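Each protein sequence line maps, in turn, to chains A and B. Residue numbers are given in numbering that gives the first Met the number 0: position 111 of the first sequence equals residue 110, and the series is strictly consecutive. Residue numbers are given in numbering that gives the first Met the number 0: position 91 of the second sequence equals residue 90, and the series is strictly consecutive.
You may find that some hints are simply not true.
Below, in silico cross-link-like pairs of lysine-lysine (BS3-like), each with a Cα-Cα straight-line distance of 30 Å or less [what the hints assert, rightly or not]: (1) A:LYS99 with B:LYS51; (2) B:LYS51 with A:LYS123; (3) A:LYS99 with A:LYS123; (4) A:LYS123 with B:LYS93; (5) B:LYS93 with A:LYS113; (6) A:LYS123 with B:LYS48.
Which chain A residues stay away from chain B? Per the calculated CB distances, all over 10 Å, these [unchecked claim]: (7) MET12; (8) VAL13; (9) HIS39; (10) GLU50; (11) GLU110.
Since the hints were derived computationally from the structure, they do not count as laboratory data. Computed from a prediction, not measured in an experiment: that's the story for all the values here. Virtual Cβ for every residue (Gly too), placed ideally from N, Cα, C.
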Amino acid sequence: MTTQAADTTVRAMVMVDAPVERAFSVFTEGMGTWWPSTHHIAQDVIEMVFEPRVGGNIYDRTADGTQIRWARVLAYDPPSSLVFSWDITSQFGIETDPEKTSEVAVTFTAEGPKRTRVVLEHSKLDAHGEGWEQHRDAVGSLDGWQVGLDAFAKAAVG
Amino acid sequence: MNANGDAMAALGDATRRAIFERLVDGPLSVGAIAEGMPVSRPAVSQHLKVLKRAGLVNDRAVANRRLYSLDPRGLAGIRAYFDQFWNQALGAFKTAIEQTEEQP
């Protein structure tokens, strides 16, 4: 389910049958267990590392040991909230100018002992707006970004 | 601005989503889009009209063909893009967390 927020924000929500602490830890330190594998910034990512602290990074590690840092942890308040930056350019390179990055805020609310509401807001999307012009071609080079989505849709259903 | 609302609604249809996804790889003609799809070429044209109205797709004439591509101007496309991505990612998150929970 998604709802409309500001024009520059995308909002998504999911309810999970798990305690809030577990939802938070799987989302953060367990990110590699659920992140769509075709949506890594490099081809041969073997591990996704989430550094659980403000100022930490989220990075992908490739088979040859290269670390690709694609997010900065801006807020870290377990088990209730989290904010990280989205330091990926419209051409799927790493954005080094923080002014041109967007932000992902996630909140975790206990709805019961084993039920958690997870609300995600990806805001400041206009920061990438300028590059959207080249995005069309760039997205093609990602090869499988959309194909991957279909696979996850199936996995989520099955 | 309800352009984004239109974009979301336009992508609510599975066939239009498939057309949109096909254009992610670059501009295509109606014929090329329709190839391998379970709907007719006129149907694809109709869906393209809806996508165009929603600001997701634009078209231009090249030689004697009309090529459709993702609209590079607005935020509608990038929003639609992340909207889809996060929905699927959170779905995968839900699946992962609920599957592993069953294990001791």
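How the hints compare with the structure:
1. Restraint check: the Cα-Cα separation between LYS99 (chain A) and LYS51 (chain B) comes to about 28 Å, which is no more than 30 Å; the hinted pair holds.
2. Taken as a hint, the LYS51 (chain B) and LYS123 (chain A) pair is honoured in the structure, with Cα atoms around 24 Å apart against an allowance of 30 Å.
3. Only pairs whose Cα atoms come within 30 Å are accepted, and LYS99 (chain A) paired with LYS123 (chain A) is accepted, the gap being roughly 9 Å.
4. Of the supplied pair hints, the one linking LYS123 (chain A) and LYS93 (chain B) holds, its CA atoms being roughly 25 Å apart against a limit of 30 Å.
5. Simply put, LYS93 (chain B) and LYS113 (chain A) have alpha-carbon atoms about 13 Å apart, close enough for the 30 Å limit, and the pair holds.
6. Using a Cα cut-off of 30 Å, the hinted pair LYS123 (chain A) and LYS48 (chain B) holds, with the two alpha carbons roughly 29 Å apart.
7. Under the 10 Å C-beta cut-off, the non-interface status given to MET12 (chain A) relative to chain B is violated; the minimum distance is some 8 Å.
8. In this structure VAL13 (chain A) is not separated from chain B by more than 10 Å, as the shortest Cβ-Cβ distance comes to only about 4 Å.
9. Against chain B, the non-interface label of HIS39 (chain A) holds: every CB pair exceeds 10 Å, the least being about 12 Å.
10. The beta carbon of GLU50 (chain A) is kept farther than 10 Å from every beta carbon of chain B, the shortest such distance being approximately 19 Å.
11. No beta-carbon of chain B comes within 10 Å of the beta-carbon of GLU110 (chain A); the shortest separation is about 14 Å.
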